[in-house]
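**Student:** The lines below spell out each chain.
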Amino acid sequence: GALVYQYPRRTICKSGTSMRMECQAVGFQATSVAWYRQSPQKTFELIALSTVNSAIKYEQNFTQEKFPISHPNLSFSSMTVLNAYLEDRGLYLCGAGTGGGTLYFGSGTRLTVL
Amino acid sequence: GDSVTQTEGPVTLSEGTSLTVNCSYETKQYPTLFWYVQYPGEGPQLLFKVPKANEKGSSRGFEATYNKEATSFHLQKASVQESDSAVYYCALSKGGYQNFYFGKGTSLTVIP
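Order-wise, the sequence lines are chains A and B.
Each residue of the first sequence is one higher than the one before, counting from 249 in this note's numbering.
Each residue of the second sequence is one higher than the one before, counting from 5 in this note's numbering.
To be clear, the hints were calculated from the coordinates, so they are not data collected in a lab.
Just so you know, these numbers come straight off a predicted model, no measurement behind them.
Don't be surprised by glycine CBs; every beta carbon is placed ideally from N, CA and C.
A portion of the hints provided could be inaccurate.
Every beta carbon over 12 Å from chain A, so not counted as near; a handful from chain B, in silico [as the list claims (entries may be wrong)]:
(1) G13
(2) E19
(3) T21
(4) S22
(5) L23
(6) K32
(7) E46
(8) G65
(9) N71
(10) A74
(11) E86
(12) S111
(13) V114
Below, a sample of chain A positions facing chain B; criterion: calculated Cβ distance under 10 Å [to be verified]:
(14) V252
(15) R257
(16) Q289
(17) K290
(18) T291
(19) C342
(20) T350
(21) L351
(22) F353
(23) S355
(24) V361
Pairs of lysine-lysine, DSS-like flavour, derived with a Cα cap of 25 Å [said to hold, decoys possible]:
(25) K108/B <-> K56/B
(26) K81/B <-> K290/A
(27) K32/B <-> K305/A
(28) K56/B <-> K32/B
(29) K290/A <-> K98/B
Working from the sequences, and respecting the hints, build out all of it.
**Tutor:** See the structure below:
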């Protein structure tokens with residue numbers, strides 16, 4: 249079956265520092281990876297969509313300068329949160345797509361900023 | 005615009021009772037409809053999806069019918085169990101992951 253591993257599960261960083269999270273698709277080819285942030289109220293915000301061999305498309309309010317993403321092959325993607333501050337706290341989710349229209353999610357990386 | 009609206013939670017049920025979580029969607033195109041379930045500390049898991057109108061999806065005793073006329077995709081289960089306690093999300097995709105829309109989620113707690 250389609251599995252998505254995301255790590256670390258939890259991370260704590262000091263305000264102004266950066267942290268990187270990784271996403272690995274197992275059992276299928278992740279032609280697209282969507283990075284989301286889930287708020288404490290449980291709503292999903294799409295940060296960006298990365299499709300192999302295409303430019304990464306960021307949503308309004310999210311920029312490459314703040315959330316650089318790498319998607320070098322069909323099984324791996326990473327995203328960094330640069331200069332993290334309190335408002336960046338939340339659960340970051342990686343959703344990997346096969347091209348069939350379904351997103352498979354990892355367990356998420358919970359970011360705490362001190 | 006495109007949107008998904010679902011039952012506001014939280015919902016609390018006793019084990020063995022029936023569940024309905026309403027989901028309505030708005031879009032000008034013909035979407036694929038999804039139900040995801042998120043357990044505490046985990047990411048959303050696909051429960052099932054239905055790509056075509058008037059078809060039904062089901063998994064683990066949950067089911068939903070894609071009703072194009074009513075633009076609805078209500079989730080039902082005849083008899084819930086404590087292990088069904090989770091947050092349920094209705095979602096639609098118009099094709100292309102940029103056009104993937106989630107509802108706000110419905111938190112379900114099942115008490116024994």
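**Student:** If you take the shortest Cβ to Cβ gap from C342/A to chain B, is it below 10 Å?
**Tutor:** 8 Å, holds
**Student:** K290/A was flagged as interface toward chain B. Is the shortest Cβ-Cβ separation under 10 Å?
**Tutor:** Holds. Min distance 4 Å.
**Student:** Quick check for students: does the CB of L23/B sit more than 12 Å from each CB in chain A?
**Tutor:** 18 Å, holds
**Student:** Please check whether S355/A passes as an interface residue: C-beta within 10 Å of a C-beta belonging to chain B.
**Tutor:** Holds, because the Cβ-Cβ distance from S355/A to chain B comes to roughly 5 Å (cut-off 10 Å).
**Student:** Does the structure keep K32/B and K305/A at a Cα separation of 25 Å or less?
**Tutor:** Satisfied, since the Cα-Cα distance of roughly 23 Å is no more than 25 Å.
**Student:** Using 10 Å as the Cβ threshold, decide whether V252/A counts as touching chain B.
**Tutor:** 8 Å, holds
**Student:** Are the Cα positions of K108/B and K56/B separated by 25 Å at most?
**Tutor:** 23 Å, holds
**Student:** So G65/B supposedly isn't at the interface. Is its beta-carbon more than 12 Å from every beta-carbon in chain A?
**Tutor:** 19 Å, holds
**Student:** Do the numbers back the hint for R257/A, that is, is its least Cβ distance to chain B under 10 Å?
**Tutor:** 8 Å, holds
**Student:** Say whether it holds or is violated: G13/B keeps its Cβ farther than 12 Å from all Cβ of chain A.
**Tutor:** Violated: least Cβ distance 9 Å, not greater than 12 Å.
**Student:** The output says V114/B does not contact chain A. Does that hold with a beta carbon cutoff of 12 Å?
**Tutor:** 18 Å, holds
**Student:** Going straight from one Cα to the other, do K81/B and K290/A come out at no more than 25 Å?
**Tutor:** 23 Å, holds
Hint compliance for this structure: hints 1, 7, 12, 24 are broken, all remaining hints hold.
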